[in-house]
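Taken in sequence, the protein lines are chains C and G.
Take the first sequence: its letter number 285 is residue 285 in our numbering, and every next letter is one higher.
Take the second sequence: its letter number 160 is residue 160 in our numbering, and every next letter is one higher.
Below, in silico cross-link-like pairs of lysine-lysine (DSS-like), each with a Cα-Cα straight-line distance of 27 Å or less:
hint : chain 1 : residue 1 : chain 2 : residue 2
1    : G       : Lys118    : C       : Lys466
2    : G       : Lys118    : C       : Lys547
3    : G       : Lys118    : C       : Lys588
These are calculated hints, taken from the structure and not from any lab test.
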Amino acid sequence: METIDTNLSKTQETESSEIHHSHEEEHHGNFWTKYIFSYDHKTIAKQYLISGIFWAIIGGSMSVIFRLQLGFPDADLTFLKPLFGRWITEAGKLDQEFYLALVTMHGTIMVFFVLTAGLSGTFSNFLIPLQIGARDMASGFMNMLSYWFFFAASVVMFASLFIETGPASGSWVAYPPLSALPQAMSGSGLGMTLWLVSMALFIVSTLLGGINYITTVVNLRTKGMSFSKLPLTIWAFFLTAIIGLLSFPVLLSAALLLIFDRSFGTSFYLSDIYIGGEALMNTGGSPILYQHLFWFLGHPEVYIVLLPALGITSEVIATNSRKPIFGYTAMILSMLGIAFLSFIVWAHHMFVTGMNPFLGSVFMFLTLIIAVPSAVKTFNYLTTLWRGNLVFTPAMLFSIGLVSLFVSGGLTGIILGNAALDIQLHDTYFVVAHFHLVMGAASFFGMLAGVYHWFPKMFGRMINEKLGYVHFWMTFVGIYAVFFPMHYVGIAGFPRRYYTWTNFDTFNIFTDLNMFISAAAIITVSAQFIFVFNFFYSIFFGRKAPKNPWKSNTLEWTTPINLGHGNWVGPIPTVYRWPYDYSKTGAKEDFIPQTVPYSETPESNTKRENELAKQEDTFYKK
Amino acid sequence: MIILIAIAIVLVLGILFGVIYRILTLTDIAQKRQVGEQDIDISNNVNALLFGLLFFIGFGAFGWYSITTTDMYILPVASEHGVRTDGLFWFTMAIITTALVLVHIVLFFSPLMFRYQKNRRAHWFPHDNKMELIWTIIPAIVLAGLVVRGWFIWDDITQPAPKERVEVEVMGRQFSWQVRYGGKDGEIGRYDFRKIDAINSMGMDFKNDPKNLDDFTPREIHIPKGKPVLLKIRARDVLHSVFLPHFRVKMDAVPGMPTSFWFTPTKTTKEMRQETGNEKFNYELACTEICGSGHFAMRMIVVVDEPEDYKKWYAEQTPWVEMNADYMKETYPDLRLANNY
Ligand code: HEM
Ligand SMILES: [Cu+2]
Ligand SMILES: [Cu+2]
Numbered sequence: 001m002e003t004i005d006t007n008l009s010k011t012q013e014t015e016s017s018e019i020h021h022s023h024e025e026e027h028h029g030n031f032w033t034k035y036i037f038s039y040d041h042k043t044i045a046k047q048y049l050i051s052g053i054f055w056a057i058i059g060g061s062m063s064v065i066f067r068l069q070l071g072f073p074d075a076d077l078t079f080l081k082p083l084f085g086r087w088i089t090e091a092g093k094l095d096q097e098f099y100l101a102l103v104t105m106h107g108t109i110m111v112f113f114v115l116t117a118g119l120s121g122t123f124s125n126f127l128i129p130l131q132i133g134a135r136d137m138a139s140g141f142m143n144m145l146s147y148w149f150f151f152a153a154s155v156v157m158f159a160s161l162f163i164e165t166g167p168a169s170g171s172w173v174a175y176p177p178l179s180a181l182p183q184a185m186s187g188s189g190l191g192m193t194l195w196l197v198s199m200a201l202f203i204v205s206t207l208l209g210g211i212n213y214i215t216t217v218v219n220l221r222t223k224g225m226s227f228s229k230l231p232l233t234i235w236a237f238f239l240t241a242i243i244g245l246l247s248f249p250v251l252l253s254a255a256l257l258l259i260f261d262r263s264f265g266t267s268f269y270l271s272d273i274y275i276g277g278e279a280l281m282n283t284g285g286s287p288i289l290y291q292h293l294f295w296f297l298g299h300p301e302v303y304i305v306l307l308p309a310l311g312i313t314s315e316v317i318a319t320n321s322r323k324p325i326f327g328y329t330a331m332i333l334s335m336l337g338i339a340f341l342s343f344i345v346w347a348h349h350m351f352v353t354g355m356n357p358f359l360g361s362v363f364m365f366l367t368l369i370i371a372v373p374s375a376v377k378t379f380n381y382l383t384t385l386w387r388g389n390l391v392f393t394p395a396m397l398f399s400i401g402l403v404s405l406f407v408s409g410g411l412t413g414i415i416l417g418n419a420a421l422d423i424q425l426h427d428t429y430f431v432v433a434h435f436h437l438v439m440g441a442a443s444f445f446g447m448l449a450g451v452y453h454w455f456p457k458m459f460g461r462m463i464n465e466k467l468g469y470v471h472f473w474m475t476f477v478g479i480y481a482v483f484f485p486m487h488y489v490g491i492a493g494f495p496r497r498y499y500t501w502t503n504f505d506t507f508n509i510f511t512d513l514n515m516f517i518s519a520a521a522i523i524t525v526s527a528q529f530i531f532v533f534n535f536f537y538s539i540f541f542g543r544k545a546p547k548n549p550w551k552s553n554t555l556e557w558t559t560p561i562n563l564g565h566g567n568w569v570g571p572i573p574t575v576y577r578w579p580y581d582y583s584k585t586g587a588k589e590d591f592i593p594q595t596v597p598y599s600e601t602p603e604s605n606t607k608r609e610n611e612l613a614k615q616e617d618t619f620y621k622k
Numbered sequence: 001m002i003i004l005i006a007i008a009i010v011l012v013l014g015i016l017f018g019v020i021y022r023i024l025t026l027t028d029i030a031q032k033r034q035v036g037e038q039d040i041d042i043s044n045n046v047n048a049l050l051f052g053l054l055f056f057i058g059f060g061a062f063g064w065y066s067i068t069t070t071d072m073y074i075l076p077v078a079s080e081h082g083v084r085t086d087g088l089f090w091f092t093m094a095i096i097t098t099a100l101v102l103v104h105i106v107l108f109f110s111p112l113m114f115r116y117q118k119n120r121r122a123h124w125f126p127h128d129n130k131m132e133l134i135w136t137i138i139p140a141i142v143l144a145g146l147v148v149r150g151w152f153i154w155d156d157i158t159q160p161a162p163k164e165r166v167e168v169e170v171m172g173r174q175f176s177w178q179v180r181y182g183g184k185d186g187e188i189g190r191y192d193f194r195k196i197d198a199i200n201s202m203g204m205d206f207k208n209d210p211k212n213l214d215d216f217t218p219r220e221i222h223i224p225k226g227k228p229v230l231l232k233i234r235a236r237d238v239l240h241s242v243f244l245p246h247f248r249v250k251m252d253a254v255p256g257m258p259t260s261f262w263f264t265p266t267k268t269t270k271e272m273r274q275e276t277g278n279e280k281f282n283y284e285l286a287c288t289e290i291c292g293s294g295h296f297a298m299r300m301i302v303v304v305d306e307p308e309d310y311k312k313w314y315a316e317q318t319p320w321v322e323m324n325a326d327y328m329k330e331t332y333p334d335l336r337l338a339n340n341y
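Please take these sequences and the hints and turn them into a complete structure.
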């Protein structure tokens with residue numbers, strides 16, 4: 001990583017855009033172009049963030065409502081009638097189908113709208129240009145389009161909550177034939193159509209965003225910023241965008257075929273069906289085909305939400321441990337490994353679909369391989385903390401929390417990835433516990449860590465850290481209180497997507513535990529409002545932020561506190577070193593920003609770096 | 001009204017938080033703390049301490065609950081392969097629990113040991129290839145072991161069913177299960193989804209297959225202890241999934257694509273009643289693939305009999321067609337004769 005950059009030619013583009021931008025700086029435009037249809041990556045990032053928070057509140061509240069049903073099945077919910085109308089029955093109970101609609105919307109919203117758009121959309125947009133030293137994204141226009149496609153997807157999904165027949169309710173995976181046949185459940189009518197339209201718009205948005213992230217990272221790095229000097233955040237966003245670009249189109253094709261089956265009488269997924277008193281004419285289709293297509297996206301999607309969170313964590317842990325991230329190269333290699341392997345494990349979701357058992361063996365092998373790079377990442381985080389000088393900012397707490405959740409959830413993946421064990425556990429609460437910890441909570445923690453860490457850069461003010469501590473501890477303990485007990489429920493065999501378990505003798509236990517889970521869920525979700533308050537209040541009334549509040553090395557902290565379009569006033573800084581020179585032996589301060597040349601730090605240079613220092617003149621000053 | 005109350009609550013909470021926020025900010029200013037200053041203050045120590053505390057509380061609760069409630073979360077197992085998968089499950093569980101504890105010792109005590117001190121410096125330690133190699137190889141070996149053990153079991157479970165077996169057809173529909181046995185000849189007749197109607201709900205194809213004539217469709221599943229049982233699984237409307245928790249059996253029911261699963265039950269219902277001390281114990285069949293509003297209610301009772309009892313029960317069943325004589329006419333008379341019906 002100490003080699004001097006060989007792709008200096010890349011920087012020419014930056015030069016020319018510099019000139020271009022210094023002109024643009026003057027004419028800021030009106031309210032509409034500045035805040036609404038803005039091209040500025042920072043504004044777009046904030047738009048994503050605030051949309052994400054909006055959706056998180058909705059998705060979280062939904063989980064509270066269906067947890068009420070599961071934890072307090074006898075409770076009288078008549079008080080919710082003004083909000084839900086006929087979805088609450090006369091007896092004050094949740095309608096059975098409405099329960100499924102809530103679960104479906106909760107899953108869809110959390111996975112796609114909060115943790116894909118809200119996380120990747122926010123931080124890829126915000127950090128890529130700032131950390132690689134670019135004035136903006138490669139195409140501001142496409143970036144703006146990306147957000148507004150997402151907005152349109154949001155509007156359609158939101159509207160579907162209010163229609164007569166209810167929103168889609170065949171679960172977030174939307175397996176046909178259930179999702180294909182309006183006769184099968186009322187949510188498979190208009191609600192499902194809107195779900196598909198919304199997802200199609202969403203995919204367009206993701207692709208527009210992803211192309212931009214990739215192009216920007218490849219082309220717009222500042223002078224000296226070779227790939228081997230990129231912060232791990234950028235590596236993570238970059239790989240995430242590539243995964244998204246390769247997998248989302250497959251989901252689109254799955255959705256398109258489903259649309260054909262629903263509306264144009266084709267039989268891609270339908271065969272031999274008797275429903276609603278008649279035999280349908282469809283033959284020859286396969287519901288399993290849909291599952292293959294869906295999980296070809298669905299599994300990489302897990303890493304699409306997780307990798308950015310891990311990238312953010314790497315950055316936050318290194319900074320607040322005052323210590324270089326351990327095994328920078330190993331971190332990149334394991335992310336590359338995960339990115340590659342994530343494409344060839346999808347069928348572990350399908351062990352008991354009747355798929356060929358030999359395929360099951362293959363996918364079981366590949367799935368367990370992916371645990372290796374994940375383990376490497378974990379050990380590297382631990383070693384980074386070890387013998388550090390740890391500062392517990394709220395961001396740091398959430399990052400440590402992420403590592404814990406990632407491990408707790410990841411380890412049970414070793415069980416579920418084993419086809420022989422998945423027979424019993426598939427579609428039980430064990431799975432719900434597993435993926436909420438490893439993907440839901442872990443990514444959510446990454447997102448929160450990012451917000452706390454870069455809040456000063458986003459809004460020029462500090463977010464209150466005491467409230468942040470309270471928020472963290474309530475959330476961390478709360479998440480474990482909600483999801484850890486679900487393992488027991490799952491081992492006992494409780495199936496997921498059940499409105500109630502009381503029909504079965506086998507599952508008519510654990511009423512206390514389910515009550516406990518629901519109470520914990522209510523508290524955990526409520527605690528998020530501390531954050532919501534802190535966030536919005538601090539935007540306006542937080543203490544003014546200093547330029548580099550966490551004494552961090554990366555480029556974004558060299559920009560002015562309140563940064564305008566174009567990010568840097570004057571030329572973009574040049575990068576001389578990797579981003580993790582924290583507490584370097586011999587150095588005066590415990591951090592050396594990337595913009596400090598080796599020639600200025602003879603006291604801490606290694607032999608090799610001293611040599612590089614000599615070459616700096618020729619390489620950087622042309 | 002509700003809306004007014006909601007707004008009032010939000011307002012009150014908002015003001016409350018606002019006041020707390022101001023107080024916190026003012027104390028910071030009063031202590032002359034610089035914005036974002038990374039000096040040790042009480043919070044840094046408190047946070048570090050809380051991680052240590054959480055370790056004991058968390059793992060304490062984990063251990064306590066796991067030990068005291070075993071009879072609730074461990075389902076007694078009643079099939080041959082289930083004993084093996086359970087063995088592998090708890091073996092894997094032991095490994096990952098160990099890993100969980102070890103990782104959390106480092107993760108939750110590092111904060112305490114290495115919390116910020118003004119006069120200390122973090123240790124410069126950017127990489128070490130030997131360590132990286134070690135912790136790549138060790139997990140790889142452990143995982144390889146688990147994969148291999150899993151393969152052996154998986155392979156045995158998914159072998160074709162033995163010739164000597166009991167066959168039961170299980171069909172999922174919104175929102176119940178229906179089962180069918182081969183009757184006297186032991187062979188289950190052909191079906192066709194186009195033949196389904198309100199009465200012939202499994203679509204038995206009498207016209208083309210006289211083997212249907214002796215098939216019976218009981219309300220409960222009966223299977224004999226100690227004999228391989230092959231479930232022939234199908235669905236007639238949407239996906240369902242056959243789940244027999246005590247037998248560790250699960251297989252999706254897919255419209256248009258028949259699936260199957262075979263297993264050997266090892267305990268009769270009566271034996272299980274003794275073992276669990278529950279006089280009312282019954283094996284149950286549940287659905288584990290979302291199939292619509294009644295998904296949670298697709299229950300069927302499974303009874304495991306001693307082989308003699310099973311034979312007796314089997315012989316007592318009346319063929320479906322005898323109760324629905326109209327359908328008999330569909331079969332061509334000569335086919336009927338040729339097959340001794
Ligand atoms: C405290 C917050 C949360 C609670 C209490 C919660 C609770 C639950 C529960 C109990 C279920 C299972 C419902 C059922 O099967 O009947 C569920 C489903 C799900 N949740 Fe969450 N959840 C929370 C946050 C999240 C987050 C952050 C994610 C992001 C990945 C997420 C993603 C999902 C998904 C994908 C499903 C499956 C939906 C389906 O089956 O179609 N949840 N949630
Ligand atoms: Cu997967
Ligand atoms: Cu079902």
